[in-house]
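With chain A's structure known, arrange chain B on it following the hints.
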Amino acid sequence: MERETFSSDVMLDFLKEIKGKYQTGGIWISKRLGRRWSFYIGFEPELTSPPCFLEIDNDFALFCEDDTLLRKDWELIRTKLREMLYESRT
Amino acid sequence: MLQVESWVKNRIKEDEIEKYLEDGRDFINDEEIWEKINRHKNPDKNWIKEIFDKALRIETLTPDETAALINVEDEDLIEEMRQVAHKIKKKVYDNRIVTFAPLYLGDYCVNNCLYCGFRKDNRVIKRKVLTEEEIKREVEVLAGEIGHKRLITVYGEHPTMNVDYIERSLQLIYDVKVKVRNGYGQIRRCNVNAPPLQIEELKRLVEVGIGTYQVFQETYHHETYEMVHPKETIKGNYRWRLYSMHRALEAGVDDVGIGALFGLYDWRFEVMGLLYHARELEKKFGVGPHTVSFPRLEPAANTPFVQETKYKVSDKDFEKVILVLRLAIPYAGMILTAREPKEIRDKLVHYGITQMDASTKIGIGAYSDRYTEQELERQQFLIGDTRSLDELIRDLAKFGYITSFCTAGYRCGRTGDLIMKLLRTGKEGQFCKLNAVLTFKEWLLDFASDETRAIGERLIEKELMEIKEKMPRAYDKVLEYLKRLENGERDLFF
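Protein chains in written order, with numbering that gives the first Met the number 0: chain A, 0 to 89; chain B, 0 to 493.
Keep in mind that the hints were calculated from the coordinates and are not lab data.
Owing to the predicted nature of the structure, the values given are computational and were not obtained by experimental measurement.
One thing to keep in mind: the hints can contain errors.
[Unchecked claim] Have a look at the derived ranges for each label pair, beta carbon to beta carbon:
hint, chain 1, residue 1, chain 2, residue 2, range
1, B, Gly285, A, Glu86, 21 to 29 Å
2, B, Gly23, A, Ser7, 29 to 37 Å
3, A, Lys79, B, Ile57, 54 to 62 Å
4, B, Gly399, A, Glu54, 34 to 42 Å
5, B, Arg24, A, Lys79, 23 to 31 Å
6, A, Glu86, B, Ser387, 35 to 43 Å
7, A, Glu54, B, Thr308, 48 to 56 Å
8, A, Glu54, B, Gly285, 55 to 63 Å
9, A, Ser7, B, Ile57, 26 to 34 Å
10, B, Asp14, A, Ser7, 24 to 32 Å
11, A, Ser7, B, Lys482, 36 to 44 Å
12, A, Ser7, B, Lys18, 20 to 28 Å
[As the list claims (entries may be wrong)] Listed below are several chain B residues computed to face chain A (Cβ distance under 10 Å; list not exhaustive):
hint, residue
13, Val128
14, Ile233
15, Lys397
16, Gly399
17, Cys411
18, Leu421
19, Gln429
20, Gly487
21, Leu491
[Unchecked claim] A few chain B residues that don't get close to chain A, going by computed Cβ distances all over 10 Å:
hint, residue
22, Lys44
23, Arg413
24, Thr414
C-beta atoms are modelled at their ideal positions from N, C-alpha and C, and glycine is treated no differently.
Looking at chain B on its own, in the form it has when it is part of the complex:
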């Protein structure tokens, strides 16, 4: 017990907050945000069209422009916004969707957040942290049976999951290599959703090979943040969390992911908070967030707060959250997780979503346990879309989307400033298409059901025709690579 207390006491480094403040203030000004939202009620239609054009040029919007979009109520304009969102996605990322799976490493936590099933005072949760052997078993299922190449590992804030544990778990995950149908399965990119870390700790994760580092602010509204995160806890420090991404970028992490938990406070404010966060990172580091997440509050065991919140986001407003974010931060990847039901995901995927999870299990040790029912006592919340990766890929292919398992950027350093430039000019989309075709083919060869493989092969044929027409220089090489994949080679990329 004493060990936990002393660990908690040494987590926050005030100097790693203060150095980023401007005149003692953080970059979220609650009054200013509300003033902008209220000032731009009933925005001028012509101005909105100009904002659409700016977003289509892949320029980050200003807070005023974003507030105006938030206030669009005209159905015709909203329909136009849907089309713009779709075009932006196509321009930046083409017709590909990246898939991943979450891997929860443990559910111990020293915090006591009112909305979270894993809060320390919640006695109904079965607590567990995966051992090295259990981590390996989980990854063997994820990489060797399902075929995932990309994970988001999720850690609680607790000394049992300190940076040593995070570092070791990443090493273990990367080391698992499983023989599969025609090749081998392996996790190639491990994103990390962890509590705020110190700069020196983040440098260690850079060395071990972290993908994107995610820390969600949960709510950007100071007063609400204070209300839902008890003051005496680590998470009670708003600014320690707010500046996590600054520390990460300073430590050399190339990609950072921001997010808010929708349902804690007014969605309009949270959208503005995310925009301010992106602009702050662009201003200070020249690199905005690699991804933006917008999970909605979901039921959790023995957590009445979720039912009682007055800020629940309706499906209609949730669509607007996605549309506005797509336009406001047009270069960023947008993650729509299996928290949402299939119907919602099938509808919203067209409006700029770039990443989705599948075959998702969020219980600790749930992949290798192979349990099929959701158990609230071992999950942070309930998930809404239980489709397998094979089913999701098939459904996406029917919509014309190709599933990408590409992690090529990290093999050749197309990261950071360079990838931002490529994203803004739409050039990254070309690499994405080529690498999507190659990694999709790999997955079809190694993991797909007959039905999905047939649909997938047809989609590849279509993609090849487009490559031949738009990127003739690359066409012959793609054909050569596809042949080599069929002959058992793996991990070929542009």
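This is chain A alone, in the form it adopts within the complex:
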């Protein structure tokens, strides 16, 4: 009945940590569905800024409102997000 989901509290906690540490404003992960992105997990926008796009892999992307500080650590964060996304799937 419920839609399949791979989200977890651990991932939400991690996004919350990133949000605070890098002052990203709203931050959320979306899943690619054909030509569009579908909300997957995360926190709502709060700054009313154009969304920044950071690709996690072919299927997922991280969107946030301010990626200025986040970009310098992006490779590390991306690796961790990938692990979380796919670990929770199995």
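Chain B alone, transformed into the frame defined by chain A:
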């Protein structure tokens, strides 16, 4: 012929109905609905005011509360309901109206619904399904000449318009890109009004990029449903249709649209049916309907049922349908189509309407044929408002409404659970305003007549003042984006 018969035989998957039933029952209990409507006659005035407050908090109403609103007869309270409806709309969606156009892909149908001009036994209809080339030509007019960014594609229930056809047509529509005055025209969001589909079929549409998936129940009243939809047809299965949205949400479609055809049965019951449907989706999936539609029965070729129905909805009752729905499901988009005449649309747009169509043609291939007269033999029904998109936008601007072509939510995943949260808190309205200004500007640059452009630019100035005051952080970015649009960039969004 045999092919059609075997296709029909394999359409309904019983297990994709039964899995959603509770104790073998569906979620529409006819007796319970009537009991509530009858119990809340002459509702207490103070209770009604409490219900107004609840709706203003963007909370879905209960069936009892909705039944009470249906029974409000006091003129002062109805006037207050109008104001509440307007405030809800403003809070959730701000002063924007989204526009779209319907695109009918074909008029073949295996069903035989008594009220429908396209029913299979109706011999006066000229049958046609658009070819790939014809689809492209239609979209070139819609996106390249009129300036639509959003379509609702409409398919009949027939093997010539099976899921392969739907999938292919969506791909074709999205691929059309037309050079226009200053930029390019393209359809950015394709909503789909199609017959009930199976879960695996819906997953394919998700992959290709479906917007909202609409299936209207037509009537929620079981007995009436059975009477107007012959039993031996696919559409004769009430529950297959009723659970279309469940299957869609399970398949990963983010946005679903529900609706009823007003005039088949008592309007009060249908309003309650829509509410029960919304609450059921909220309960099972945590997401209610993205849109609610409430078309009224319109004349169709060789279809006497329409003239004979005893449930025709008067203009006065129709206004109440809209008011009650606006309050009962306050987060949902509400679609008022060109079935209704201009006068009705101009009046009711203030009470919570969020989406309207324009430059509407519902004949198969009618946009590229450029025929101006309505021809019942190639249309499902007659339309009432024939205004062009340019005229509608101008008229809305005179009322202070900004026309939005925004499809930003899908570019960044502000969809599903997230958008529900943003809608309920009124936050989505802010994004809507910013994106409405940007997409409106795009349209003015690329398609507007001089008169509409002048009115539109004045409206943008007004909107910018509001943005500066209420969203100062976003103001500079909006100005930058507007400049970039003037320099030929397109599709900038918040």
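Evaluation of the provided hints:
1. At about 24 Å, the beta-carbon gap between glycine 285 of chain B and glutamate 86 of chain A stays in the expected band of 21 to 29 Å.
2. Distance hint check for glycine 23 of chain B and serine 7 of chain A: the Cβ-Cβ separation is about 35 Å, which falls inside the suggested range of 29 to 37 Å.
3. Taking the beta carbon of each, lysine 79 of chain A and isoleucine 57 of chain B are about 36 Å apart, not inside 54 to 62 Å as hinted.
4. Roughly 40 Å separates the CB atoms of glycine 399 of chain B and glutamate 54 of chain A, a value that falls within the hinted 34 to 42 Å.
5. Here the CB-CB span from arginine 24 of chain B to lysine 79 of chain A is close to 47 Å, at odds with the stated 23 to 31 Å.
6. Checked against the hint of 35 to 43 Å, the pair glutamate 86 of chain A and serine 387 of chain B fails, with Cβ atoms roughly 55 Å apart.
7. Taking the beta carbon of each, glutamate 54 of chain A and threonine 308 of chain B are about 55 Å apart, inside 48 to 56 Å as hinted.
8. The beta-carbon spacing between glutamate 54 of chain A and glycine 285 of chain B, approximately 28 Å, falls outside the hinted interval of 55 to 63 Å.
9. A hinted range of 26 to 34 Å for the beta carbons of serine 7 of chain A and isoleucine 57 of chain B is consistent with their spacing of about 29 Å.
10. For aspartate 14 of chain B and serine 7 of chain A, the Cβ-Cβ distance of about 30 Å falls inside the hinted range of 24 to 32 Å, so the restraint holds.
11. The supplied range of 36 to 44 Å is met by serine 7 of chain A and lysine 482 of chain B, whose beta-carbon atoms lie about 43 Å from each other.
12. The hinted range of 20 to 28 Å is satisfied by serine 7 of chain A and lysine 18 of chain B, whose Cβ atoms lie roughly 26 Å apart.
13. Interface hint at valine 128 of chain B: violated, since its Cβ lies 24 Å from the closest Cβ of chain A, which is beyond the 10 Å cut-off.
14. At its closest, the beta carbon of isoleucine 233 of chain B sits 24 Å from a beta carbon of chain A; the interface hint therefore is violated under the 10 Å criterion.
15. With 10 Å as the threshold, the beta carbon of lysine 397 of chain B stays out of range of chain A, its nearest partner Cβ sitting at about 28 Å, so the hint is violated.
16. At a threshold of 10 Å, the smallest CB-CB gap from glycine 399 of chain B to chain A is about 22 Å, leaving the interface hint violated.
17. A cut of 10 Å between beta carbons decides the hint on cysteine 411 of chain B: the least distance to chain A is about 4 Å, and the hint holds.
18. At a threshold of 10 Å, the smallest CB-CB gap from leucine 421 of chain B to chain A is about 6 Å, leaving the interface hint in force.
19. With its C-beta approaching chain A no nearer than about 5 Å, glutamine 429 of chain B sits inside the 10 Å limit, and its interface hint holds.
20. Annotation: glycine 487 of chain B was flagged as interfacial toward chain A, and the flag is violated, the nearest CB pair being 19 Å apart, outside 10 Å.
21. Hint status for leucine 491 of chain B relative to chain A: holds, with the closest Cβ pair at about 8 Å, below 10 Å.
22. No beta-carbon of chain A comes within 10 Å of the beta-carbon of lysine 44 of chain B; the shortest separation is about 37 Å.
23. The beta carbon of arginine 413 of chain B sits about 7 Å from the closest Cβ of chain A, which is not more than 10 Å, so the claim that it is off the interface is violated.
24. Not every C-beta of chain A lies more than 10 Å from that of threonine 414 of chain B, the closest at about 5 Å, which undercuts listing it as non-interface.
When the structure is compared with the earlier hints, violations turn up for hints 3, 5, 6, 8, 13, 14, 15, 16, 20, 23, 24 and for no others.
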